[in-house]
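Turn these sequences into a full structure, and let the hints guide you.
Under the numbering used here, the first residue of the sequence shown carries the number 34, and numbering increases by one thereafter.
Calculated directly from the structure, the hints in this document are not laboratory data.
Keep in mind that a hint or two might mislead.
[Unchecked claim] With a cut-off of at most 20 angstroms between alpha-carbon atoms, the simulated PhoX-like pairs for lysine-lysine come out as follows:
#1 Lys237 <-> Lys271
#2 Lys195 <-> Lys271
#3 Lys237 <-> Lys196
#4 Lys237 <-> Lys195
#5 Lys271 <-> Lys196
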Amino acid sequence: RGRALLLAKLAPYSSHHPPKKHIRTLCRLYSSTFFKMEHDLDMNRLKSGELNLGTSIMAVAFEGGVVIGADSRTTSGSYIANRVTDKLTHIHDRVYCCRSGSAADTQAVADYVHLYCQMYTAQHGHAPSVHTVGTIFEQICYSNKDNLSAGIIVAGWDAQTKKGSVYNIPLGGGLFQQPWAIGGSGSTYIYGYCDSNYRVGWTKEETVQFVKNALALAMSRDGSSGGTIRMAIITEDKVERVFIPGNELPVFWES
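This is the structure we're talking about:
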């Protein structure tokens, strides 16, 4: 029934309309269909024991693409529910997102955006730009800011601009393009490190080392971040995944 209702609402927005003109309308329709509460639910009671990503997430653009990374700890209160969570979610083609906040909320939003990107590609014959993907995330997060706990970083190789792009969508919505972005509870501990050490024009190897060091510092101070580091190096040709186990993390307090 829900799918039939969605298709009926989308009928006026068929393939003969320009896609950019109706992105916001489509997001609003999807959002009202999938996320709007139909009944008076006690959200505080329902979310009191939810799984939280806690999180340190990061994305940095370089000359040939973008590097994204995250820790792997998922918590429920003081309990560590998962030590090896993958918080880097493939959205479409060369676009990924890093998720922070409620695990359930961010998974649902990412799955929805993934579905929309598949529909977009089938309808228009090319993949959406990184900016378009970020706009969809922003519209969903803003339209449902009272019910969602989701901080997202969208990053990837943009075929239209021929470079890596990073977009930050903080809690409550908003879309900000940045050369680098950090998020999650661990990010508060590394803003100074990132501000003082980031340089324009880095190579892939220098960017990977910067992300690795920053995440290791965040994980060493933030109680909600920990486990391992997962990274993805996104370029025009491929996506390379990197895994760093906990016993191989950079250490800064030993001589």
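Okay, the hints, checked on the actual structure:
1. Lys237 <-> Lys271: holds (13 angstroms)
2. Lys195 <-> Lys271: holds (14 angstroms)
3. Lys237 <-> Lys196: Judged against 20 angstroms, a Cα distance of about 13 angstroms means the pair holds.
4. Lys237 <-> Lys195: Cα-Cα ~16 angstroms, so holds.
5. Lys271 <-> Lys196: OK: Lys271 and Lys196 at ~13 angstroms, within 20 angstroms.
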